[in-house]
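Those protein sequence lines, which keep their order, are chains A and S.
Residue numbers for the first sequence follow our numbering, beginning at 903 and rising by one.
Residue numbers for the second sequence follow our numbering, beginning at 4 and rising by one.
Any given hint could turn out to be false.
As the list claims (entries may be wrong) - Within a straight-line C-alpha distance of at most 25 Å, the following computed PhoX-like cross-link-like pairs (lysine-lysine) qualify: (1) S:Lys135 / A:Lys1311; (2) A:Lys976 / S:Lys135; (3) A:Lys1490 / A:Lys1472; (4) A:Lys1311 / A:Lys1459; (5) S:Lys135 / A:Lys1174.
It should be emphasised that the hints constitute simulated quantities derived from the structure, not laboratory data.
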Amino acid sequence: MSRLESPVALERLRAELRATYDPAKPCIAICAGTGCIALGGAQVVAAVRKEVKEHGLEGAVEIRETGCPGFCEKGPIVVMYPAETCYLQVQPGDVPEIMTRTVEHKEVIDRLVYTDPETGAQAVRESEIPFYRYQLRLLIGDNIKIDPKQITDYLAIGGYRALSKALAEMTPEQVLEEVKRSKLRGRGGGGFPTGRKWESTRDAPGEPKYVIVNCDEGDPGAFMDRALMEGNPHSVIEGLTIGAYAIGAHEGFIYVRQEYPLAVENVMIAIKQAEEYGLLGRNILGSGFDFTITVHRGAGAFVSGESSALMNAIEGKVGEPRPKYVHTSDSGLWDKPSNLNNVETWANIPLIITKGAEWFASIGTAESKGTKIFSLVGKVNNTGLVEVPMGTTLRDIIYKIGGGIPSNKKFKAVQTGGPSGGCIPEQYLDTPVDFDALTKLGSMMGSGGMIVMDEDTCMVDVARYFVDFLCDESCGKCVPCREGLKHLREILNRIVEGKGKEGDIELLEEIARVMKDASLCALGTTAANPVLTTIRYFRDEYEAHIAGKRCPALACKELVTYYIDPSRCKACLLCLKSCPVDAIEGGKKLVHVIDQARCTKCGSCFYSCPPKFGAVRKLSGEPVPPPLPEAERTLPSGKSRTRGEPA
Amino acid sequence: MIAEERIDELIDRYGGKEGFLIQLLLDIQQEFNWIPKEAIQRVSTRLQIPISHIYRIVSFYKVLSLEPIGRHVIQVCLGTACHVRGGPRILDEVEKQVGVKAGATTKDLKFTVKRVNCIGCCALGPVMTVDKDYHGKLTPDRVKEILTCYD
């Protein structure tokens, strides 16, 4: 492949690629993102390749391994074109039937299409599935259309047109102006106006300048960047190159966390292919603009996702933050002006250049423009990636798109913003999601993690979980964060173990205030947010733990006891056999009893009791009823037998 | 005995570019399954970086290990989504089946068990990985069966 020497050459190639595309040619698109792979997607791909070969259809049917389309709950996902028939939870054993019935005879296999759990209505086409229908998938929507390892797929759908336009028709200043007018704000968590950040770097004295992609995505519960980087790495590369042009940088870095090996692999392939095509490297598209990108792998440290820490890591140092009174746009990587943005921020740039700032600014709210990808996970029916315009309400995301809470449980809270964010209760479900609205509630947008919690989630345990995480991840450099988190953890551990004291809540709040004021970086200043929001909205749970030694959600191990309700126990022996410490006495037709002194509260009995009996209960804050005498525990019709005794 | 030549080969891959120390250590970790003392010494000599500096980096980053790790690395995700969906029970079961706590390696160097703060498969929680294999939508009863697939 010879390098494309001009925008005309690029468009000529694009026309050639499109001319070879036959819209009527069958194409089987199988998601090859990490999520579907985790559910057996690789075996589905292998089965499809085998079946296509055995049916003699190689050449006649295209097979495309694509990026993540986002409906992870229902993976592995297969979409068949041109009809756009979408099959969910496909297993290798389904593939022969799919080949014969759908590919060859154009029939739809009912059990594999989406079925609404309440109405039973089916949605055959991908775009009709409610999960997708209510989204605005400007960024993630392309993932199913392309093989991320094939640059030609990206070119065929219009890729690199924005870069071509920027280099050939716009000056760097005009590109910068366009991004400023779009009012795009950073998607990594800070929400800082992107155009202003670029301008600061551009105007800062010093050469060379650097541009950086932050794909360290450390927020637990968030995987938007993984899906973009694995599924459409060229969109990020294109955005980064346009940004480099505007800022005056000639070298870029893509920092990918080590836990995303497929993203590392795909972006390295993409960079190599872009270089081969003359879309990276020297004299891009004959414009005279040079730009190269190096991929840098992370090594497992959440704090290294903080921008100054990330730059330290790229320099080969320990990934600890630096004081931010000197902005990294003035002095960043190797003390040179550096612009760092999140993956999703960069991926928005080609859209803004192609369709214009006015178009972009027409989506969203007054101060939060464009779409945002959220990872909707936790206790929700339809887990996956959801891309919606800013301003969509939490209720619409969780219920209309997410399908509500499984198993008829009650919604309790939604956690946004990762460890820097907070838990938002039911009364605020109609809040439109944008940067400022979430901050007002004590939480934040963050990178986009949206974790739904139900009545079985203990909010004190959630706070303890986040503090535990941050204790582990704190770099330890500054006292407020290092010592503050340690003490928050100690207090929260006492509370969930039933050793909370009066005054603990106030102490938590006081430590939180100090951390907020005095920590070196955003990890420390926001670390107390989960604690503060759970105290603000769920103070009654804290008080129940402290004063009542009770966990209302029945989740905290030390505050829960397991009890077998004799009126419901059918003496089926299942819990007895599941107990790892032989703490359950009983037999066939002899109602079971838990020996509380031996019980380790592992919960095995609770999960093994058949739902139709539901005899094992969790109790908290109340004494366990004493066991019935053995004579009263015999179930009618049949002799009682203890375990081991022959019939 | 760690071959110095192999360490040199890994160093030379980077052609003297700046800032590649962490990338090099990741390669060494992948090659030898840990960061041996001899490797740190060789890197220090070749790159003229103090041993204490290299040690600081290895001890800071979770992926880098100063002790040999097992043939198979089990990573149990305890990210928030996996946590609310029962991740801790999966970890309990893994520890029970393998016989060591998270952070430790079995005496026969077969398994290392690690807690990870997020693997990025949040929609499929609870999740664990064994080497490069991902296992999602886990229940504790599936853990034993999955682990028997690894020699």
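Holds or violated: Lys1490 (chain A) to Lys1472 (chain A), with C-alpha atoms at most 25 Å apart: Between Lys1490 (chain A) and Lys1472 (chain A) the Cα gap is close to 8 Å, so the pair holds against 25 Å.
Taking 25 Å as the top limit, are the C-alpha atoms of Lys976 (chain A) and Lys135 (chain S) close enough? holds, 22 Å
Given the hinted pair Lys1311 (chain A) and Lys1459 (chain A), is their Cα-Cα distance within 25 Å? Holds, because 21 Å separates the two Cα atoms, which is no more than 25 Å.
Agreement of Lys135 (chain S) and Lys1311 (chain A) with the hint, judged by alpha carbon distance not exceeding 25 Å: Distance ~35 Å between Lys135 (chain S) and Lys1311 (chain A) Cα, so the pair is violated.
Within a Cα-Cα threshold of 25 Å, do Lys135 (chain S) and Lys1174 (chain A) meet the stated pairing? Within the cut-off at roughly 24 Å; holds.
Of the numbered hints stated above, the single one contradicted by the structure is hint 1.
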